[in-house]
Amino acid sequence: MPKHYRPAGKKKEGNAAKYITRSQAVKHLQVNLPVFRKLSILKGIFPREPKKKVKGNHHTYYHVKDIAFLQHEPLLEIFRDIRAYEKKIKKAESKKNPDLANRLRTRTPSYKLDRIIRERYPKFVDALRDLDDCLTMVHLFAALPALEREKIAVKRIHNCRRLSHEWQAYISRTHKLRKVFISVKGIYYQAEVEGQKITWLTPHALQQVFPGDDVDFNVMLTFVEVYETLIAFINYHLYHSINVKYPPILDPRLEALASDLYALSRYFDANSKRLVVDPEASSVSGSEQVETQQKGIPPDESELRLAQLQHQLPSNEPGALMRLVEDVANEDEEDEDTRECKKLFRNLKFFLSREAPRESLLFIIPAFGGIVSWEGEGAPYEEADQSITHQIVDRPTQGHIFLSREYVQPQWVYDCINARIILPTEDYMVGRVPPPHLSPFVDNEAEGYIPEYAETIKRLQAHARNEVLPLPGEETEDLEDPRKLLVEGIIDRAEANEAAERKRKMLVDQNQYLDELKLEVDGVQYSSTASDNKQSSSKGTEARESEPDLQQIVQDYANRSTVVMSRRKRGMYEAMQHGKKRKQDHVDRLKERKRKIEAAQKSGEI
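Residue numbers (this note's numbering): 1 to 606.
Please note: incorrect hints may appear among the correct ones.
Below are the DMTMM-like pairs computed for lysine to aspartate or glutamate, each with C-alpha atoms no more than 20 Å apart in a straight line [to be verified]:
| # | residue 1 | residue 2 |
| --- | --- | --- |
| 1 | LYS53 | ASP66 |
| 2 | LYS602 | GLU592 |
| 3 | LYS458 | ASP337 |
| 4 | LYS123 | ASP133 |
| 5 | LYS123 | GLU192 |
| 6 | LYS245 | ASP269 |
These are calculated hints, taken from the structure and not from any lab test.
Generate the whole structure from the sequences, applying the supplied hints.
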């Protein structure tokens with residue numbers, strides 16, 4: 001019997017036993033294809049690519065264990081019940097029984113995805129790592145119009161918008177934003193939360209045009225359903241990490257004016273300051289609650305929470321509303337990037353014209369320590385405020401101009417954020433063609449091409465940080481070559497030793513000349529008695545004591561070259577000097593031993 005022969009009904013082996021096709025999986029689970037696709041997306045089950053496709057290359061394969069995992073999912077039964085209710089509703093409508101159809105709609109089973117999110121992301125870091133596509137999808141649906149034909153409901157769009165604004169408010173409040181780039185597709189953002197870099201894309205604030213039949217909105221809506229639950233969990237955890245209640249309570253007036261980000265910033269200010277409520281006001285509100293309860297009118301929970309919040313909101317002053325108080329977390333816990341981003345736009349006050357990208361600028365300017373207002377109702381301060389330092393204008397000309405501020409294009413804000421310095425505003429003034437907008441996500445050195453404006457920004461950064469850059473013909477390695485620094489240090493030390501030796505000889509000759517001249521004036525010959533020699537030697541010692549410490553001067557001059565060295569280079573230099581000193585001590589000991597032997601031979605001891 002051949003080895004590869006397998007009788008009918010025997011157990012399969014290899015890829016034939018590990019993988020099954022999608023049609024086989026649908027038949028095994030006894031569901032239709034849309035339900036199978038939705039269940040796979042919710043559970044995170046994706047097709048596999050086996051090494052050997054048993055059924056052919058035109059099939060989609062799934063792992064057997066993944067299908068077994070779906071088979072025991074409780075949502076499977078709920079989806080079957082929902083499908084049964086849909087059939088009953090359709091039957092009632094066909095029989096023209098609207099009362100029964102409405103009653104069946106109210107009894108349709110519902111489900112939550114909290115358990116699935118906890119299964120897929122057992123740790124919070126795992127959820128942060130999978131947040132890129134989640135934020136991109138949620139921001140996309142927040143900008144879409146409601147369309148009943150594609151089953152895009154108004155409630156879902158409002159929920160996506162609320163979740164996206166809550167995420168942006170946290171990033172802006174904690175100064176976690178790192179990079180921003182404007183492209184044709186939209187605006188790319190990158191934030192760093194708990195050591196994880198999160199990058200997402202937001203569409204431009206334009207009217208969105210729906211494509212044709214190329215996009216399956218049923219699949220996208222299933223993904224959004226998962227992502228809404230995921231980002232709600234993440235926002236809850238992040239808000240509680242900085243001691244802020246979630247979900248936030250916003251000012252209804254600002255919500256009606258579509259100023260959600262500003263309303264969230266006020267909510268953060270109120271929770272951070274935690275002002276003490278006026279006791280009289282609290283007693284009045286308490287008595288009103290008692291009266292309403294006695295009258296039998298149940299108080300609305302949202303109205304009560306909103307009334308309590310009115311005492312915590314800051315006063316309606318231009319600087320008080322948008323002034324960011326210190327973070328709840330200690331500054332010691334902040335990393336260096338957060339402290340740098342927090343101080344970039346400090347003491348700068350911005351005003352946005354109506355044509356500027358308001359949503360984006362309201363997000364990024366407070367994230368880097370700035371204060372911002374806009375043209376319209378609900379703004380914290382007006383355009384005529386004299387304390388405004390920069391006005392963002394995106395038009396060819398500006399009619400009325402205040403001399404106390406600078407008028408710049410929106411690109412200046414984004415370039416300053418990517419460069420981490422305040423760039424000159426001459427190239428970004430109104431009516432001028434701005435410099436190229438460079439992407440912070442591209443490594444120019446790795447690509448092998450450095451744009452001219454990137455070199456200019458690099459020079460400005462070095463000037464702001466008081467750094468020394470090499471000349472255009474040289475490289476950074478030439479500037480920090482330890483061998484060159486060591487050679488320069490040795491040369492400087494040798495020159496210092498020679499200068500000190502020459503100075504010492506000049507002082508000795510000068511003292512000797514003065515002694516001889518004094519002896520000639522006294523009428524005493526140069527070859528005098530021992531007492532005179534002793535006196536002259538004492539004078540010489542006094543002169544040497546009066547002159548400065550030459551050895552200390554030489555040592556200080558030699559150590560001057562080591563001050564500019566880094567710790568690693570200074571350690572290498574000291575190690576080399578220690579080795580040279582050991583060799584010199586060994587040579588001195590050999591010479592001393594040789595001298596003693598020669599002296600002993602002359603005296604006849606050996």
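Name the hints, by number, that the structure is in violation of.
Failing hints: none at all.
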